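Trainee: Each chain, written out:
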Amino acid sequence: MIRQFHLNITKPRGFHLITADIARQIGSLPKSGLINIFCRHTSAGLTINENCDSSVRVDFETVFNRLVPEDESLYTHTAEGEDDMPAHIKSTLVGPELTIPIINGELGLGTWQGIYFCEFRNISKPRTLIVTIYE
Amino acid sequence: MIRQFHLNITKPRGFHLITADIARQIGSLPKSGLINIFCRHTSAGLTINENCDSSVRVDFETVFNRLVPEDESLYTHTAEGEDDMPAHIKSTLVGPELTIPIINGELGLGTWQGIYFCEFRNISKPRTLIVTIYE
Amino acid sequence: MIRQFHLNITKPRGFHLITADIARQIGSLPKSGLINIFCRHTSAGLTINENCDSSVRVDFETVFNRLVPEDESLYTHTAEGEDDMPAHIKSTLVGPELTIPIINGELGLGTWQGIYFCEFRNISKPRTLIVTIYE
Chain G
0 MIRQFHLNIT KPRGFHLITA DIARQIGSLP KSGLINIFCR HTSAGLTINE NCDSSVRVDF
60 ETVFNRLVPE DESLYTHTAE GEDDMPAHIK STLVGPELTI PIINGELGLG TWQGIYFCEF
120 RNISKPRTLI VTIYE
Chain L
0 MIRQFHLNIT KPRGFHLITA DIARQIGSLP KSGLINIFCR HTSAGLTINE NCDSSVRVDF
60 ETVFNRLVPE DESLYTHTAE GEDDMPAHIK STLVGPELTI PIINGELGLG TWQGIYFCEF
120 RNISKPRTLI VTIYE
Chain P
0 MIRQFHLNIT KPRGFHLITA DIARQIGSLP KSGLINIFCR HTSAGLTINE NCDSSVRVDF
60 ETVFNRLVPE DESLYTHTAE GEDDMPAHIK STLVGPELTI PIINGELGLG TWQGIYFCEF
120 RNISKPRTLI VTIYE
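Residue numbers (numbering that gives the first Met the number 0), protein chains in the order written: chain G, 0 to 134; chain L, 0 to 134; chain P, 0 to 134.
No lab work stands behind these hints, which were simulated from the structure alone.
Owing to the predicted nature of the structure, the values given are computational and were not obtained by experimental measurement.
Mixed in with the good hints there might be a few duds.
Any copy, or any two copies together, can satisfy a pair, since identical chains are not distinguished.
Stated by the list, open to error - Straight-line C-alpha distance at most 20 Å; calculated SDA-like pairs for lysine to any residue:
1) K124 x T110
2) K124 x Q3
3) K124 x N50
4) K30 x L6
5) K124 x S53
6) K30 x T18
7) K124 x E60
8) K10 x N121
9) K30 x E134
10) K30 x R2
11) K124 x W111
12) K124 x E79
Construct the entire structure; sequences and hints are all you get.
Mentor: Here you go:
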């Protein structure tokens, strides 16, 4: 049994906790199974990290900018702005998708885990996530 | 229902768009489901990124070499050449597998998304990917 | 058909080969399918890499410390110690989960592949992995 839906999301550049947005849309879940969340974009991504202290998400932005600097002299793909090629690299470093267990009818995240949507472009863009539930 | 097959691939060092190679082999897909692609190697990997401008793939090679330099003084595992240990690290940074939704009987990639096979060794090696389709 | 279980693990800081621990717990597998392994923590993670030479795992620790230095001047989230925020970043770089094909009733890893559990905190903590088997 498969259930699948789209989730539209528009966020400013940065790392954003979206666990509640996803939980609200998925409704009731099977007792056990898997849920796959897939980001259909190449300058945004998904990861799981700390769900409590927002300073963690601030530091993610700092560290990712340090790992992949916006220095056009490093890149050949520069036509779309200095944030574009770094955004592509960052989306690969975090990854485009997550597969999460369903445990006792709930998202099987740990106590401190939340789902992060990562927007790597300067300009907010409408993004689409695909959620697929397997039971 | 599960369908599973092998895909053999040999590419020079670099990031390669292989969406068409995969689509050709998977044939007709169920209306919805998930497809997992798994790379059975520790110095190659899989990611999803921009499918249009080949300069993106050139810049990926540059940035990954900058993130994980081929400087043997940094490593203890050096017996297989200066490209070997960096290749192991890079394969973990991109990841060994992708799980992609099937939407309306097609690979559910976004408009600009393509599947990249990443070869991190200097010498082209025959690599095997396992494709598993769930419907 | 789904089977799901917990696996408790406590390891010192570093990269650890846990393929045998997982294989021992999963028992007999279906002929084909997928197995998802999910780490319920934000300062630990899972990856797949070389299963033979332990120097690879030593070098992983070195390189990840170089990529994400323990320098509190870089971070705002510092209340839990200088290893805490780097541990969050590293867990995202390796990722929280793996989906691995089951081939002929066995984990479909390549000859040189092993499953790594990555502990990024200085103090060993009891960690929980969720293993979900789809057949």
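Trainee: For K124 and T110, with the copy left unspecified, which applies at a CA distance of at most 20 Å: within, between, both, or neither?
Mentor: Result: close only across copies, 14 Å inter versus 31 Å intra.
Trainee: With identical chains, the pair K30 and L6 could be close in the same copy or across copies; at 20 Å between alpha carbons, which is it: within, between, both, or neither?
Mentor: between (23 Å within a copy, 19 Å between copies)
Trainee: How would you classify K30 and R2 at a CA-CA limit of 20 Å: within, between, both, or neither?
Mentor: Close inside one copy (14 Å) and across copies (11 Å); limit 20 Å.
Trainee: Regarding K10 and N121, is the shortest C-alpha distance of 20 Å or less found within a copy, between copies, in both, or in neither?
Mentor: within (10 Å within a copy, 34 Å between copies)
Trainee: When no copy is named, should K124 and W111 be tagged within, between, both, or neither for a Cα gap of at most 20 Å?
Mentor: between (28 Å within a copy, 14 Å between copies)
Trainee: Quick one: K30 to E134, C-alpha cut-off 20 Å, is that within a copy, between copies, both, or neither?
Mentor: Both, since 8 Å and 17 Å are each at most 20 Å.
Trainee: At most 20 Å between CA atoms: does that hold for K124 and E79 within a copy, between copies, both, or neither?
Mentor: Result: close within a single copy only, 14 Å intra versus 35 Å inter.
Trainee: Tell me, please, which holds for K124 and Q3 at an alpha-carbon limit of 20 Å: within, between, both or neither?
Mentor: neither (23 Å within a copy, 36 Å between copies)
Trainee: State whether the alpha carbon distance between K30 and T18 is at most 20 Å within one copy, between copies, both, or neither.
Mentor: For K30 and T18, only the intra-copy Cα distance (19 Å) is at most 20 Å; the inter-copy one is 27 Å.
Trainee: Could you figure out if K124 and N50 sit no more than 20 Å apart (CA to CA) within one copy, between two copies, both or neither?
Mentor: between (24 Å within a copy, 19 Å between copies)
Trainee: Evaluate K124 and E60 at a C-alpha cut-off of 20 Å and name the case that applies: within, between, both or neither.
Mentor: within (18 Å within a copy, 27 Å between copies)
Trainee: Between copies, within a copy, both or neither: which fits K124 and S53 at Cα up to 20 Å?
Mentor: Result: close neither inside a copy nor across copies, 22 Å intra and 23 Å inter.
Consistency note: the structure conflicts with the earlier hints numbered 2, 5.
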